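Student: Listed below, chain by chain, are the residues.
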Amino acid sequence: MFKLASKAIEVAHKYKADFGDIRIIEERRQNLGVKNGELNGLTDQITLGYGIRVLYKGAWGFASGSQMTGRAIADTTLKAIAIAKASRLLMAGRVRLAHEPAYTDFWQTPFLKDPFAVPVETKLALLFKIDAVLRKNKKIRATASEMRFIRERQWHMTTDGSRIEQVQLSSGASFSATAVEKGDVQTRAYPCTHGGQTLAGGWEVIEAMNMQDHAERVRDEAVALLSAPLCPAGVKDLIISGNQLALQIHESVGHASELDRVLGYEESYAGSSFATTEKLGKFRYGSPIVNLVADATLPGGLATAGYDDDAVRAQRWHIIKDGVLTGYMTNREFCGKIGRERSWGSCRADGYSNIPITRICNLSLMPGNTALEQLVGEVRDGIMMENNMSWSIDQKRLNFQFGCEIGWLIKNGKRTKLVKNPTYQGITPEFWGSCDAIADHSEWRLWGVANCGKGQPGQTAMMCHGSSPARFRKVKIGVRG
Amino acid sequence: MKKIETVCEKIFRLAGRAQCEVMAELRNGALTRFADNVISQNVASSSVNFSVRLLDSGRMAKINFNQADDASLGRAVSSGLEILKKQKKDPALLPLAKPRPIPAGKNLYFRETAELDPVYRAGKAAELAKACRKSGQISCGTFENGSSELVIANNLGVFARHRETYAIHSVTVRDKDGFGWAEYPAYDVNEIPFARLNETARAKAARGRSPKEIKPGRYTVVLEPQASADLLTYLAVYGFGGQIYNEGRSFVCGKLGKKTLSSLLSMEDNALDGASPGMPFDYEGQPRTKVTLVENGVLKSVVHDRKTAKAAKTASTGHALPQPSYMGPFPLNLAVKPGQGSLEDLIKGTERGILVTQFHYTNLLKPQTVEMTGMTRNGTFMIENGKITFPIKNMRFTQSAAEAFSNVEAVSGETTPVQAWGPMACPSFRLKNFNFSSSTKF
Chain A
1 MFKLASKAIE VAHKYKADFG DIRIIEERRQ NLGVKNGELN GLTDQITLGY GIRVLYKGAW
61 GFASGSQMTG RAIADTTLKA IAIAKASRLL MAGRVRLAHE PAYTDFWQTP FLKDPFAVPV
121 ETKLALLFKI DAVLRKNKKI RATASEMRFI RERQWHMTTD GSRIEQVQLS SGASFSATAV
181 EKGDVQTRAY PCTHGGQTLA GGWEVIEAMN MQDHAERVRD EAVALLSAPL CPAGVKDLII
241 SGNQLALQIH ESVGHASELD RVLGYEESYA GSSFATTEKL GKFRYGSPIV NLVADATLPG
301 GLATAGYDDD AVRAQRWHII KDGVLTGYMT NREFCGKIGR ERSWGSCRAD GYSNIPITRI
361 CNLSLMPGNT ALEQLVGEVR DGIMMENNMS WSIDQKRLNF QFGCEIGWLI KNGKRTKLVK
421 NPTYQGITPE FWGSCDAIAD HSEWRLWGVA NCGKGQPGQT AMMCHGSSPA RFRKVKIGVR
481 G
Chain B
1 MKKIETVCEK IFRLAGRAQC EVMAELRNGA LTRFADNVIS QNVASSSVNF SVRLLDSGRM
61 AKINFNQADD ASLGRAVSSG LEILKKQKKD PALLPLAKPR PIPAGKNLYF RETAELDPVY
121 RAGKAAELAK ACRKSGQISC GTFENGSSEL VIANNLGVFA RHRETYAIHS VTVRDKDGFG
181 WAEYPAYDVN EIPFARLNET ARAKAARGRS PKEIKPGRYT VVLEPQASAD LLTYLAVYGF
241 GGQIYNEGRS FVCGKLGKKT LSSLLSMEDN ALDGASPGMP FDYEGQPRTK VTLVENGVLK
301 SVVHDRKTAK AAKTASTGHA LPQPSYMGPF PLNLAVKPGQ GSLEDLIKGT ERGILVTQFH
361 YTNLLKPQTV EMTGMTRNGT FMIENGKITF PIKNMRFTQS AAEAFSNVEA VSGETTPVQA
421 WGPMACPSFR LKNFNFSSST KF
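If you read the protein sequences in the order shown, they are chains A and B. Residue numbers 1 to 481, in this note's numbering, belong to the letters of the first sequence in order. Residue numbers 1 to 442, in this note's numbering, belong to the letters of the second sequence in order.
Only chain B is shown next, with the shape it has when bound in the complex (with noise of 0.2 angstroms):
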């Protein structure tokens, strides 16, 4: 691969007269997925993609390839100027960003985790699946490793590059009808605490079997780290996207600077220097900034976009996704304020309710309350007089996310690294008043 800035220079000189911005990823990845206590998948890819966005008197085309040789740059710019031609000029189009001074964020690659082979991989999996076998429980579950490597550029002189790593240990274990699972996402494979994890999968399934069912209904919950971001995600991203905010289809329209969530809740959006660090710039090589969003249950402000900035007569928080974006700028480096004393703290105030390990097949049903469903899923108890005292089926929850934040109680005083849509810490949370609204059979 020759060496990225050669393929912008190379790009800008064909793109000539017209404002030319580059978007090239570099990826490196594999993942050994098991299931049954075997190797199911073990996969690896290598590859490198390049989006061109052109723009010329309010006229705009993207060209996405992944071949560099210059026949291949040519043939996509030219076709690109080609597609800028056929257009009318749209007077609303915001020409490209200038260069602004990038704070210099975290260092997120690790050479270790990126070189993992799969030998290591397999041995991770190997780890798990014989003290399974050994008890008579099945795993499930993926170990990946990677690195990536992206560069936003564009010929007003803008030239941002990141690079991470990445290693997720995640896993499910099967114990006849029980089930238990724990993952960890990290930057750095020395941060995964892999015998813990392993033992918390396995531990939660033998507990969890011959689940009872019970009536659904409105219960106390107290939500495990991962179910607890399912939820606060989409109280982010439908509630905090500066498009969303702007067309009038948010939570938030109408209440920043009040208390609407619970005094116990604060959270930010913080790529630099916070508990869920990220690429210290945007998609448009913007600089990211540090955004508090809720602080004491009072909402305190929004993600931009330059585009949707101007709309709103304000500056851009660094918040871009590749443009133009159909949904708009996301908060994606959630952090969540811990509050006082662990999970099983949590569980020890409550007198009944029940224990969500994770939710499964969350969806949107009205934005503009975050109304939400879904299902609980490995690992779901009783709570009885601040003890789990029995496993219970799955059950199906139908509520609010915006009136489930303002019914905390409690929140453990430690964030856990989650998939989110982006890089999350998430603490647990106790929630009173929590609607499930059916039940499974499992």
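Bound-form chain A, shown alone (with noise of 0.2 angstroms):
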């Protein structure tokens, strides 16, 4: 596939472009799918196509093609050097990028068990083992479980010089089970809603949730949410469990420190940040406990590779130390306006038709020190939520509510019951600064989120977030209509 690509760089080259880069991208998918007892879906996926940066006088182009011959390539690069022309009609200054040293490198995804050699049949035989155990309740309307798997191989090739292949893996599954009464509706999911979670590795990944094992509890968490009272409305203490708190740091710390969005590059669309560049280094942002660590190299992690899609090493970086904003998620183009002179390393594609943008890394809430026995026990009159259900958030990525699937009242110190549809609502900074214990390593665990969707065109993301429990103090709950 590199001497393909080298077309791309020649075309570069001849045309004296400052910079120019070409992905090869094959990509394997497999979906499956179970729902009400039916087979949903089976769906194998294989695309093979590649994307051309062009930097010409210091003007952006980009064009994409899966015509895989050098001819179509060389032409695709002189599309993308006919873009960045049309660039240069308004522009403010020349684009330049930070310096990365040139690599020629292969890295791929550690895995035990390759995911697509896993029989079919052994596949949908366990996802229609868990539905049975589903519907095995007549209040249960609809059932669903899946698993997805995914494998990246890409071909990267610079002006610069880097000629990086990298193979990337993932493996995802998830059921869910919604109960249906008198016109109120509740669902439960394992290990998590939103297609559920998926990490980096192979087979391994799905035999470790132990999915059956959890099928019956399901079902009847979904069913005993009907009967449940609904989450009180008024301030309490809460304690965030499951990808809830993956996608509070998602929301509220990841998309707010994206260096494009900080800059205003995403004002029109996805929005800006709260967190300015004036801001670094001095910013509380939570509390002293609250550090939050940026990592591309996180064993396990959706965003875990050798090198970016700006062909910039895996690197592992603060975002937020000891309470204060301290980095960004940044790539070649932007991190010289902080002063930077060496990308952090987050510019990543959603495949190969897609130009690279700055993205959220695996980004984690480093574990505090307190058993999770006594982050409940030092609760007087509190709330846990799990699991997320809706999420929402302002433009400066300030105001946020989520909806969480279930929720337990906490009482002097004791997990008392069950109660559903909990919300909880806040501004960014208070609500981190209001963050007064984090439970410690053994309750870490790490959350993927595979849908992340950011750009125009829409482009969709993968990375993952580790955390524990964690506790805030007198948080907003029980929001509604």
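Worth flagging that the hints you see were computed from the coordinates, not collected in a lab. Only a predicted model underlies this, so the values are computations on that prediction, with no experimental measurement involved. Misleading hints may appear alongside valid ones.
From the structure, some residues in chain B lie toward chain A, with a derived Cβ separation under 10 angstroms [to be verified]:
no.	residue
1	Asn42
2	Phe65
3	Leu84
Covered by chain B, according to a simulated footprint, are these stretches of chain A (three or more residues, beta-carbon under 8 angstroms) [claimed, not checked]:
no.	stretch
4	81-94
5	114-121
6	209-217
7	225-233
8	259-267
9	369-381
10	391-404
Pulled from the structure, derived: some chain B residues nowhere near chain A, Cβ distances all over 10 angstroms [said to hold, decoys possible]:
no.	residue
11	Arg17
12	Val158
13	Glu199
14	Gly386
Cβ atoms here follow ideal geometry from the backbone N, Cα and C, with glycine treated the same way.
Both chains come to you apart, so use the hints to assemble them.
Tutor: Below, the structure is given as structure tokens:
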């Protein structure tokens, strides 16, 4: 493939482009789904194509195609150059990329069992078995269980001299049961909602979920929620666990720290950020126990790779250190605007047909030193919420409101009754500032976000957020219409 | 690219005795994005994708691929046939659809729109950026155009083809702490009122400077078309989809034929000859039909594909999404019946209320009442005694859409094309008693 890719580099050099790169990507996906006792999908996908970036006299152009010939690649490179020339009609100054050494390397996601080699009948048998357990209650009106596997092989070549081959592999699964009674609808999912859990790795990721061990509980909790009281409204202490804390990190820290947003380049769509550059190194984002670390080297992370799509080698850095904003998600184009000579390396594209953009890396809340029992034991009047159901946050990432699948009231240090439709609302720095305890490393889990949308045209990216349950004092809960 | 018909014939031959459906999609798209008064991204993509569904004796497999040479076709179909063999029979699996006459639909392909080049797009970005620079404003946005062609064919005789073009001018203007927004999607670029959109966004941003904070609570709201469409789309998708309805999860359940919403609300799904046209067939190659969802507040019908229609013992309305579909059929070509007067008339008739340009990051909280949350964005203003008096800081709403559209006071007399989950034609609404649950800091 590098021979084919070199056509784009030749053309970029011939036209004296400041920079050019080509990513040829072969992607294999497999999705399996069972819904309400029936096969709801068994899809195998193989695509092959390339995306070409050219920085020509300080302006960007990008074009993609899927015709795999040298001629087509050369033509697509010329198209990218023509687009870059048009970009020059409305520019302020020349785009300059931060320096990065040239690499020749091969990297792949470590895995134990190739999920594409596991027979389809094995996968379907597990999904049907779970589905049968979920449907063993008449109040369950909708069930769904699914698995998905993605292997992306990328050949990346740049005019800087980098020649990087990477193979990223991820595996994911989930199931859910929806109970309906007298106009009420309640859903419970495992391991979590919104497509479930996905991590980098092979079939061992699915095995580690022990899905069948949780089907009965999930079904019974969905039914129990129908008769549970509504989450009360008021101000209470809140303990967040499961993928809800992952989404809290994602929405209120991850997106807020994308430097392209911060600089206003996403204003027209996803929005900007309150975490502006003059706050770097000074702004109190959270309490002193809050440490959030971006890490492209994290084992199991969906954003873990040898290099990002700017050909920058994977790194680990703090976004928030001891509660203070200390870093951003960067690419080679914008990192200079905060005085950095090198990008932290968080620039990625969705497949071959999209331009690389600044993305959230794996971003994790570092564990604290409090046992989970103590976290609960120190709450007089509170609530514990688990697994996200709905999310919404303003375009500067300040005012957020989340709804969860399930909640348990906490009274005098004890988890008591189940409540349904729990919600909470807050303002980002005040909320993280109210974090007074984080459970220890024994509770720390990695949660995958496999559907992060951003950019125009829209792109999807995957990343992980690790966390232990955390406690937030005096939070507004039970917001309703 | 070989002719799609030839590729389909090859795939059908390779499928042998299995039932075989091919969905082929060719797309050419380009998008120029600008921010801070300069072009920040400028991209183009060309793709062709094939999705092949194979069915045999209650077994199903689907293969997606984008290389159509003989070797790739052979590999793709044989891997699909191999997967078929490994399944148990599913007696509930529907066979493929048989051909039915497809209505002509509207012409939605405009060559000029398909062929707009990057210099044209840069020019449109520059018109706004230059005006903004002069007045100390900052422009952001996109101009995009492209074309697509979709073929749905199966070896039972279905062959349906549709092509269309698109152009969308979307602009956001920042004027210190004021924001304004305007957007217009069209099949034909000549329909886009560029100057008016630019001026609307610039004027709104200028007027939005120094917003004041007001207390959350229940207010009368005047929702401009995009804000109205955001709520109505959720109402349509989570209320009138055949699968959600069949599973008892829709607010429409038990209320068909009953007056549940305001008598000022009428809404149809009509891809054929309405105000928001689209493809005249669905993703099973079945003819789309016009479906009245709400008529004067009475809930009339839900939309079906063949699977949900069978379960509901009725006929498909031609609303299938690519099969198999996790969420079932949706209404995707929504047109809301206009009322009387203009947006300005709605404002004039408001004693005390809030004008909302757009909502941001809306999401569903409770499907059974379509309770939603989201933020206002890009132009939120106080209305007092029929006049806009001052800009206000953005607010979060937490509100049932079903309840909101029971409280309609007035509907404007003209609709605007907006981008929702599909194309949509939507007027402005005035709703009473709309719940804002919190506010933010800008």
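Student: Report holds or violated for the interface hint on Leu84 of chain B, using the least CB-CB distance to chain A and a cut-off of 10 angstroms.
Tutor: Holds: closest Cβ of chain A sits about 9 angstroms from Leu84 of chain B, inside 10 angstroms.
Student: Tell me whether the statement that chain B covers the stretch 369-381 of chain A is true, taking a Cβ distance below 8 angstroms and needing three residues at minimum.
Tutor: violated (count 0)
Student: Regarding the assertion that Gly386 of chain B does not contact chain A, is the least Cβ-Cβ distance greater than 10 angstroms?
Tutor: Holds, since 27 angstroms exceeds 10 angstroms.
Student: Quick check on Asn42 of chain B please, does its C-beta sit within 10 angstroms of some C-beta on chain A?
Tutor: Nearest chain A Cβ about 5 angstroms off; hint holds.
Student: Using the nearest Cβ pair, does Phe65 of chain B come within less than 10 angstroms of chain A?
Tutor: holds (5 angstroms)
Student: Mind checking, does the stretch 81-94 of chain A have 3 or more residues with a CB under 8 angstroms from chain B?
Tutor: holds (count 10)
Student: Mind taking a look at whether chain B covers the stretch 391-404 of chain A? Criterion is 3 or more residues with CB to CB distance under 8 angstroms.
Tutor: holds (count 10)
Student: A cut-off of 10 angstroms on Cβ-Cβ distance, and Val158 of chain B was said to be off the interface with chain A. Does that hold?
Tutor: Since the minimum Cβ distance to chain A is about 20 angstroms, Val158 of chain B lies beyond 10 angstroms and the statement holds.
Student: Taking beta carbons only, do three or more residues of the stretch 225-233 of chain A come closer than 8 angstroms to chain B?
Tutor: violated (count 0)
Student: Within the stretch 114-121 of chain A, is the number of residues with a Cβ closer than 8 angstroms to a Cβ of chain B three or more?
Tutor: As far as the stretch 114-121 of chain A goes, the hint holds, because 3 residues have Cβ atoms under 8 angstroms from chain B.
Student: Counting residues of the stretch 209-217 of chain A whose CB is closer than 8 angstroms to a CB in chain B, do you get three or more?
Tutor: violated (count 0)
Student: Verify the coverage statement for the stretch 259-267 of chain A against chain B, using a C-beta to C-beta distance below 8 angstroms and requiring 3 or more qualifying residues.
Tutor: holds (count 5)
Comparing the model with each earlier hint shows violations of hints 6, 7, 9; every other hint is respected.
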